[in-house]
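J.: For reference, the chains in residue letters:
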Amino acid sequence: MYRYDDFDAAFVAERNRQFRAQVERRIDGSLTEEEFKPLRLMNGLYLQLHAYMLRVAIPYGTLRSAQMTQLAYIADKWDKGYGHFTTRQNIQYNWPKLRDIPDMLDALAEVEMHAIQTSGNTIRNVTADHFAGAAEDEVADPRPVAELIRQWSTDHPEFQFMPRKFKIAVTGSPNDRAVTAAHDIGIRIVERDGEIGYQVLVGGGLGRTPMIGKVISDFVSGDDLLPYLEAIVSVWNVLGRRDNKFKSRIKITVHEHGIDAIRDLVEERFAEVKPLFSGVDQEMLAAITAQFAAPEFRQAPTDAYDAAYESDPTFRAWADTNLFAHRADGYAIAQISLKAHGETPGDATSEQMRVMADLAERFGHDELRISHEQNVVLPHVHKSDLPEVHKILKAHRLATANIGLVSDIIACPGMDYCALATARSIPIAQQIATRFDELKIEHEIGDLKIKISGCINACGHHHVGHIGILGLDRAGVENYQVTLGGDHTETASLGERTGPGFSADEIVGAVETIVETYMSERESAEETFIQTYRRVGMAPFKAALYPEKAKADAEARANAA
Amino acid sequence: MSVIVTDEGFGQDDWNGTYASLEDGGAPGIDLPSDTDPAALAALPEGTSMVRIAFPSSADGRGFTLARLLRMRGYRGRLRAQGHLIADQYAMARRCGFDEVEIDDALAERQPEDQWLFRANWQAHDYQARVRG
Amino acid sequence: MPRKFTPKVITGNALLEGDVVYLAADDSWTRELSQAELITDEADAQVRLIDAQARVGEVTGVYLADMAEGETGPEPTHFREDFRRTGPSNYFLGKQAS
Ligand code: SF4
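Chains as they are written, first to last, in my numbering: chain A, 1 to 561; chain B, 1001 to 1133; chain C, 2001 to 2098.
Treat the hints as calculated values from the structure; they're not laboratory data. In this text, all values refer to a predicted model and were calculated from it rather than measured experimentally. Hints are not guaranteed to be accurate.
[Unchecked claim] Listed below are the simulated BS3-like cross-link pairs for lysine-lysine, each with C-alpha atoms no more than 27 angstroms apart in a straight line:
no., chain 1, residue 1, chain 2, residue 2
1, C, Lys2095, A, Lys37
2, A, Lys97, A, Lys77
3, C, Lys2095, A, Lys77
4, C, Lys2004, A, Lys80
5, A, Lys97, A, Lys165
6, A, Lys37, A, Lys80
7, A, Lys37, A, Lys245
8, A, Lys440, A, Lys394
9, C, Lys2095, A, Lys97
10, A, Lys37, A, Lys77
11, A, Lys440, A, Lys391
12, A, Lys37, A, Lys167
All chains should be modelled from the sequences, with the hints used to inform the complete structure.
T.: Below is the structure:
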């Protein structure tokens, strides 16, 4: 895994020193709130409904156990003993005090972490496939190039006051687990004639105007990547609209000018920028790649795993849902669900963080990952250790066997914390999970992704949920709009609205109706929700959700006949 | 009156020339608004010895890109950022190719010289210098 | 006819602590909505807001929030303000816990 060198460490220390001074200058009046706000945002500090919130980057979702332990320490010392993992591979602390922030940042720096550019109109924390370096299906590990992009984008002098935020995601696998098509720039590592390069997508994004990213280049070679990215961002920094914040993201710029015009501008700018890169970044990339070398995988029998799988049904259920194929023999990728039924999606207590850190240290080659699905991953566990890992997880309410199932819900903080929210998301997620747990049918339902956002900004990725739920404020009452058929993978698509929204009391029932409809429509247990939806379309779901409307329509048809 | 900020701190304006817009020309100095089209920079008159780029608000970062483009395209004269920049943006301005920053007295009073000198170390800790080589 | 003015309180977040505060009639900041001043006159509300927003060393994000007159002081008319005076619904934290 990547370790800071002296440069990185000195940079973060210096940056923290600057922020400490900025906080003091805000308090003594040298900085107005208007001037301080972009500075605090650039350092991850928000003001939310009930308090400040500090958003800490977990670059490309990768953590060492010592880092996770430190996150637990920070939660206990300066917050309220828990943290919230987000869809952008960050962790959020919901209760810090302004004067404590510089100390929290110093504590993060001790373990080579920071909160830089987790907010503000800058290039944000670069995200990547949470199975990077472990999955069987990858072309190359996306983390080295993500780290290179982190270094290039950090403190980039040209890109700190852009029209809006800018998000980049990288996948190294054709099976896109990083939602690259929903990012300002999505990067897919590809191989062409034995050479590793990058397919680049631009202009994806969710929010008010959801768009699937468009391919701007099919193949950018390694030494062209940074100048190419720089050309894209530089073109948009001047061209992107600053008169209307709803039109400022690059997806709108691409939409307004057309991908071909943007491509021409980018190519032109690229020609100017490229000579400024000496190529030394490729040497850096090689050095970074070496640091991400796979751990020494163990050769050992898996008898203990096989025996537990045979004899223990709880373990078997967990293994069937929460494990993913590893590229090394005898190993598995173990996913830890932060979605225990009825709990807050993505939250972990400091004690749970310590437990997970300890498991990574003892059984997981010291590695942890945070997924955009708000779960934690132990990417390298030898199968023979899994029964013990499972036992410990179970003792700490971390062994919920529901990865990819109906209760593995993505939910943004919504109006329980977020100042921008129009409705709550967390209680809806809690109720849906609890309901399906009572029904005991989630394994029978199979692969189904519910994603909930508490406002149009779509941090909960609702547009790309198989079932998407968007919380709105309808005349002072919480109301939930439902979309069906979204897809966050390499076959990305945006969900379609079912019709009028549902009240907070109705929404759980509506989801149940949708699931029942799927169960009766599917051709077999093997046909997943999204497959069934693509085959039968919206009609049966609409009819089931709005029976009165369906009845009225039928009567109208009968009368007309 | 205004204050000119350089790596040495606050100073007086020692530029005595006049300014004109890019369209008008005819002066040794050119004033560029922040919404200047990058393509229009090609019209920069020969012999321009000062370019002053406006920052109408500290949140408007277009001037950083314009400055870099001018430098990339070979402009070697004086380059000044003018308007609402804050001390924390001094390093960004310098790294993008500006020589100096022009602020008004009110801002200079609220953000005194020491806060700008705090970032006079702009050449240190620069990821760009590292990745570009 | 001019529309009837909805009564308001002035609210924001404390600069150092970040928690929700309300302006009381004596110009102090209170953490209790029930202690807040309910402003019923529109012109008065605007002037009080400008003065409150100028207190940048104490508070941030100051605005006027709609309220109704309740038995024990101002009562929120919208659920957002209800959450602000209470705390999150997933944990017993924030104002409800203090
Ligand atoms: S989707 Fe809206 S409510 Fe949810 S976290 Fe994002 S901004 Fe807040």
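J.: Hint by hint, note whether the structure agrees.
T.: Cross-check of the supplied hints:
{"no.": "1", "hint": "C:Lys2095 / A:Lys37", "in the structure": "25 angstroms, holds"}
{"no.": "2", "hint": "A:Lys97 / A:Lys77", "in the structure": "12 angstroms, holds"}
{"no.": "3", "hint": "C:Lys2095 / A:Lys77", "in the structure": "20 angstroms, holds"}
{"no.": "4", "hint": "C:Lys2004 / A:Lys80", "in the structure": "43 angstroms, violated"}
{"no.": "5", "hint": "A:Lys97 / A:Lys165", "in the structure": "25 angstroms, holds"}
{"no.": "6", "hint": "A:Lys37 / A:Lys80", "in the structure": "24 angstroms, holds"}
{"no.": "7", "hint": "A:Lys37 / A:Lys245", "in the structure": "16 angstroms, holds"}
{"no.": "8", "hint": "A:Lys440 / A:Lys394", "in the structure": "19 angstroms, holds"}
{"no.": "9", "hint": "C:Lys2095 / A:Lys97", "in the structure": "15 angstroms, holds"}
{"no.": "10", "hint": "A:Lys37 / A:Lys77", "in the structure": "25 angstroms, holds"}
{"no.": "11", "hint": "A:Lys440 / A:Lys391", "in the structure": "22 angstroms, holds"}
{"no.": "12", "hint": "A:Lys37 / A:Lys167", "in the structure": "20 angstroms, holds"}
Going down the numbered hints, you'll see the structure goes against just number 4.
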